[in-house]
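Student: Spelled out from the first residue to the last, the chains are:
Number of protein chains: 2
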Amino acid sequence: MTMEFMTGRALRPTTKVLPEHARSHNRSLVLQTLYRAGERSRADVARETGLTRVTVSDLVAELMAEGLIIELGQREGSRPGKPATLLDLNRGAYQIVGLDLSAFEIFRGALLDLDGGVIARAEVPLAGSTGADATAKVVALAEGLIAQATAPILGVGVGSPGVVDLAGVVLAAPNLGWRDEPLQATLASRLALPVLVANDANAAVLAEHSFGGADSDMMLVKVGHGVGAGLLLGGSLLRGSRFAAGELGHVVVGTHGGADCVCGKKGCLETWLATPRLDAAISAARASGNSTDPILREAGRHLGIALAPVVGALDLAEVVLSGPAELLDGPLMEATIETFAARTMAEFHSGLIVRMTTLGEDIVVRGAAAMVLSGQLGVS
Amino acid sequence: MTMEFMTGRALRPTTKVLPEHARSHNRSLVLQTLYRAGERSRADVARETGLTRVTVSDLVAELMAEGLIIELGQREGSRPGKPATLLDLNRGAYQIVGLDLSAFEIFRGALLDLDGGVIARAEVPLAGSTGADATAKVVALAEGLIAQATAPILGVGVGSPGVVDLAGVVLAAPNLGWRDEPLQATLASRLALPVLVANDANAAVLAEHSFGGADSDMMLVKVGHGVGAGLLLGGSLLRGSRFAAGELGHVVVGTHGGADCVCGKKGCLETWLATPRLDAAISAARASGNSTDPILREAGRHLGIALAPVVGALDLAEVVLSGPAELLDGPLMEATIETFAARTMAEFHSGLIVRMTTLGEDIVVRGAAAMVLSGQLGVS
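From first to last, the protein sequence lines are chains C and W.
Those letters in the first sequence? Residues 1 to 380, by full-length UniProt numbering.
Those letters in the second sequence? Residues 1 to 380, by full-length UniProt numbering.
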């Protein structure tokens, strides 16, 4: 009887569907159509969404009253007497603040438009701040960006290091001295705006999905001072049973030992791939006149060894790397690709794409903006 | 505005919600409440689902007319003048056929009641059949079970080895000589019943979820002639980008070599864990008077090495093993647990549960029944 149960992801219906849910969903559907496709008439929107013209007209009227949709004028070549008025999302109606707390010793932020374009940037050095001092610097960074806004702020998105629950509580971020830090609630109260806080790699994976053309079954590996990942499976962000999905930095790689790790184990992924270790090894190689390629290839090979079972178990279509291109984009990534090929089944995984992100250093702030777009408007 | 977009799994609304979808969802919600909770009055159902009493009464009337819900009589102690009539799912209304095509050289099947209990069993030796001959044996097995039914058949569920798409086409099952075999369509046409075909490990993970009390973030590892897995993430079955999620048997384990595998690589998970290899090694140890524990522990350790990155990346709550208990349940599983602890972060994964399935050899036929319950009634 119900096809969604045969093919869909939800196994067990647990939440009632009320007429207002359908309306809210359909409202987002109209916004999403205009957000992605741009200039469309009411008839276009009805055709593309499958909604009736009456429903579309009702929803458009409501969304125009709220300033979220604007009329652009009549389509050229419209027949006289049957003018087709073009609509668009009112892309200037709001701006978004996106913050990236994951860089080493610096908090970065940006003011973005609804298309995820950066309008202004700001940053604040951490200077060793932890705990409440670090939280105060987040508030100050957000306030500075809000002050630069030339339109109302739709919301504030934050990508934080560490494990973050669904309420935006940072359960643990050791480098910032945060444990059970209610960052989302604190910011919402201080800024009097909608705020969404998520793990930085999860924000990055949303950016790659919204603005980077990523596949719906993909893993984004974020390499920096630490190593973490975000996973999009069947188009949905994976949270994990304890909100720790993607925390791969301290998984041991291979069975041949490795360097001591800060966590007490040996040969964790971070001992091979974190940028301080890689930079030090590369500096040493250069100082002694040696090629840096073997160091980069070994790092890439170990990334491949660690991720091959994940690629196999999840049947991923795409693995995207984010981090310093001068380290990742070359011998390192080539060795990762070769290692995947050597350690998984070609029959299933020969189509796997491994590539660098196209979003550069803005990936987390743009992902934070994507969180706000999704949370506030239901578009992505 | 829409909380489901802030916390939910779907990033992008792509399908319109129409009133009939809400009705169909709410219908399943009523069935699900009765299926799981048993005897309930209309008022109980309204309270537990959040639906209005009018909506519940309407849906119950419809479902009673279809024979899916029955009245059991009045609750004891009901106040005179306000009798509460108890309802239940009509558990005798239908029976289900579940087939397991994953055992070595034999197809197994069962007739099950709506609670997933086995009423009758049947099996047919494969005797080397492949291709159309194998398909004919599936049809015969199903027909034999249907002939034993004492109630109408709700549907036929099938757990097949290999890679199976959403339309129940077996894209590749080398042992059965199937490639792009439209098993679901063939069976539906031959049996004139609703049929659902899925990968055997995916069927098993659904059984563990519906009847085995599994967590909603879990991996089921199925060990037999081959090794495969099914993944439930956030309560939803993972399909993978090419319907090959859980195909872990030919991922290389560790970095210390290993035995030659049929796939051409060395040290694949199946070379450590598949039952023919384990049985042979154990027989040899026994013949020479040695303990079999080291063989089982090495197998378990390699399972742990292969799965540790998956446990870490997915933040799983539970890993469930299915297969011969005399091999898996003992030194093998203990070594897997120790290996997870040694290779992942205790902070995140110390709560990980690793256990045997409680469903024994019926896991796939019961999972096939769960597919039919979910697909036809929206309950699980």
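Quick caveat, the hints were computed from the structure, so don't treat them as lab data.
One or more hints might be untrue.
For chains that are exact copies, the list does not tell them apart, and a pair is met inside one copy or across any two.
What the hints assert, rightly or not - Okay, derived cross-link-like pairs now, DMTMM-like style, lysine to aspartate or glutamate, Cα gap no bigger than 20 Å in a straight line:
(1) Lys265 x Glu76
(2) Lys137 x Asp58
(3) Lys137 x Glu123
(4) Lys266 x Glu123
(5) Lys266 x Glu143
(6) Lys266 x Glu338
(7) Lys137 x Asp180
(8) Lys265 x Glu338
(9) Lys265 x Glu347
(10) Lys266 x Glu347
(11) Lys137 x Glu105
(12) Lys266 x Glu71
(13) Lys265 x Glu143
Student: Where does the structure disagree with the numbered hints, that is, which hint numbers, in rising order?
Tutor: Hints 1, 2, 4, 5, 12, 13 not satisfied by this model.
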